[in-house]
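Put chain B with the ligands on the given structure of chain A with help from the hints.
Protein chains: 2
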Amino acid sequence: MTDAPKAMTDLIDLMARLPGLGPRSARRAVLHLIKKRGQLMGPLAEAMAQVSATARECLNCGNIGTTDICEICQSEKRGNGMICVVEDVADLWAMERSAQFKGRYHVLGGTLSALDAIGPDELRIPKLLDRIASEQISEVILALSATIDGQTTAHYIADQLPGVTVTSLAQGVPVGGELDYLDDGTITAALKARRAL
Amino acid sequence: MTDAPKAMTDLIDLMARLPGLGPRSARRAVLHLIKKRGQLMGPLAEAMAQVSATARECLNCGNIGTTDICEICQSEKRGNGMICVVEDVADLWAMERSAQFKGRYHVLGGTLSALDAIGPDELRIPKLLDRIASEQISEVILALSATIDGQTTAHYIADQLPGVTVTSLAQGVPVGGELDYLDDGTITAALKARRAL
Ligand SMILES: [Zn+2]
Ligand SMILES: [Zn+2]
Chain A
1 MTDAPKAMTD
11 LIDLMARLPG
21 LGPRSARRAV
31 LHLIKKRGQL
41 MGPLAEAMAQ
51 VSATARECLN
61 CGNIGTTDIC
71 EICQSEKRGN
81 GMICVVEDVA
91 DLWAMERSAQ
101 FKGRYHVLGG
111 TLSALDAIGP
121 DELRIPKLLD
131 RIASEQISEV
141 ILALSATIDG
151 QTTAHYIADQ
161 LPGVTVTSLA
171 QGVPVGGELD
181 YLDDGTITAA
191 LKARRAL
Chain B
1 MTDAPKAMTD
11 LIDLMARLPG
21 LGPRSARRAV
31 LHLIKKRGQL
41 MGPLAEAMAQ
51 VSATARECLN
61 CGNIGTTDIC
71 EICQSEKRGN
81 GMICVVEDVA
91 DLWAMERSAQ
101 FKGRYHVLGG
111 TLSALDAIGP
121 DELRIPKLLD
131 RIASEQISEV
141 ILALSATIDG
151 QTTAHYIADQ
161 LPGVTVTSLA
171 QGVPVGGELD
181 YLDDGTITAA
191 LKARRAL
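Protein chains in written order, with UniProt numbering: chain A, 1 to 197; chain B, 1 to 197.
Since the hints were derived computationally from the structure, they do not count as laboratory data.
Cβ coordinates follow ideal geometry from the N, Cα and C atoms, glycine included.
The reader is advised that the hints may include incorrect statements.
Said to hold, decoys possible - Label pairs and their computed distance ranges (CB to CB):
#1 B:Pro-126 / A:Gln-39: 25 to 35 Å
#2 B:Glu-122 / A:Ser-113: 48 to 58 Å
#3 B:Glu-122 / A:Gly-110: 49 to 59 Å
To be verified - Derived DSSO-like pairs (lysine-lysine); straight-line CA-CA distance at most 30 Å:
#4 A:Lys-127 / A:Lys-77
#5 A:Lys-6 / A:Lys-36
#6 A:Lys-36 / B:Lys-127
#7 B:Lys-36 / A:Lys-6
Pulled out of the complex, with its shape left as it was, chain A reads as follows (with noise of 0.2 Å):
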């Protein structure tokens, strides 16, 4: 891009860091915000200008929010003496979308992984379970990818906890799920956890 000024191609470069933005997505997403500068660009610098400057993590749990300990932690409502255990932030955001989970979260920052080696001191592994001996906790539920590594971690974090009741998140069919699209693997583990009606 010998033609685009300076900012212009420092800016398309910065855009292709994100996820899912390659370098033509990166070009296409700066020349829309040039069209809408005034409507779009400026409001999402500023946007990005006070999240950089005020976001941080939450020193108990890992959750994102601007304060040292989240809102979840800070509240006396979400008190209620269960963990839901999460691999990311994301996650934790999915839960809450549902609505469904009236306790607190612990977020691992992703999974144990032999292949990348990472181990129990790379996650938030230690702090849950100081979280657990310190905090009333009567449940953790593990809400953890239904990959290998995500079950992993799961039985790992299981063998941790001997006198703490340890649930996790039902694998089967999802809701509006067609029999016919899903996997051996999914089919299996519905089949498994079928229940009475």
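Chain B with the ligands in isolation, oriented as in the chain A frame:
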């Protein structure tokens, strides 16, 4: 998203308005930005603010730059009597990346479209005719999409220019293909094999 602070949900909503990003990829992108706030989000906010404040359309050709008349229109070297007509700035950038064309551009801002009620006056066509009358133009290269609307636009422009050599990109542009999707080599080949209309 009952949980994320307002500044963060605002940022996600703004990001979701970018082409190619939906709500889910916008949430992923914002989490990535927050994790990389020092190296990525801060610089991105600054680059956006700068481009937002400085970007403008060239009054002559419609290219985007930081001056009323863009660098290509200002450059004596680029005044070789050739104008390459493109649909939008992304296509101009694609042409510049192939580094084969040494003349100036004219950005139409779209194509004629009966369906969308886009006529010549909605595009930068009158300005193109002005330029051809006032600048010393020996050849107009139409580098438009190989779509029905693109080719309709090419023929419309050719009909307005009886005394000028009008060529178009030919070989290498796949039927139904948009210029911005093509690799540099294809653009180079298509430019070299251009034919008189
Ligand atoms: Zn927290
Ligand atoms: Zn120009």
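Structure-based check of each hint:
For the pair Pro-126 of chain B and Gln-39 of chain A, the supplied restraint of 25 to 35 Å holds, since their beta-carbon distance comes to about 27 Å. Checked against the hint of 48 to 58 Å, the C-beta distance between Glu-122 of chain B and Ser-113 of chain A comes to roughly 54 Å, which is consistent with it. A hinted range of 49 to 59 Å holds for the C-beta pair Glu-122 of chain B and Gly-110 of chain A, which are about 51 Å apart. Annotation: proposed proximity of Lys-127 of chain A to Lys-77 of chain A holds, straight-line Cα distance about 22 Å (limit 30 Å).
The suggested pairing of Lys-6 of chain A with Lys-36 of chain A holds, with an alpha-carbon distance near 20 Å, which does not exceed 30 Å. With a C-alpha separation of about 23 Å, the suggested pair Lys-36 of chain A and Lys-127 of chain B falls inside the 30 Å cut-off, and the hint holds. At roughly 22 Å between alpha-carbon atoms, Lys-36 of chain B and Lys-6 of chain A fall within 30 Å of each other, so this suggested pair holds.
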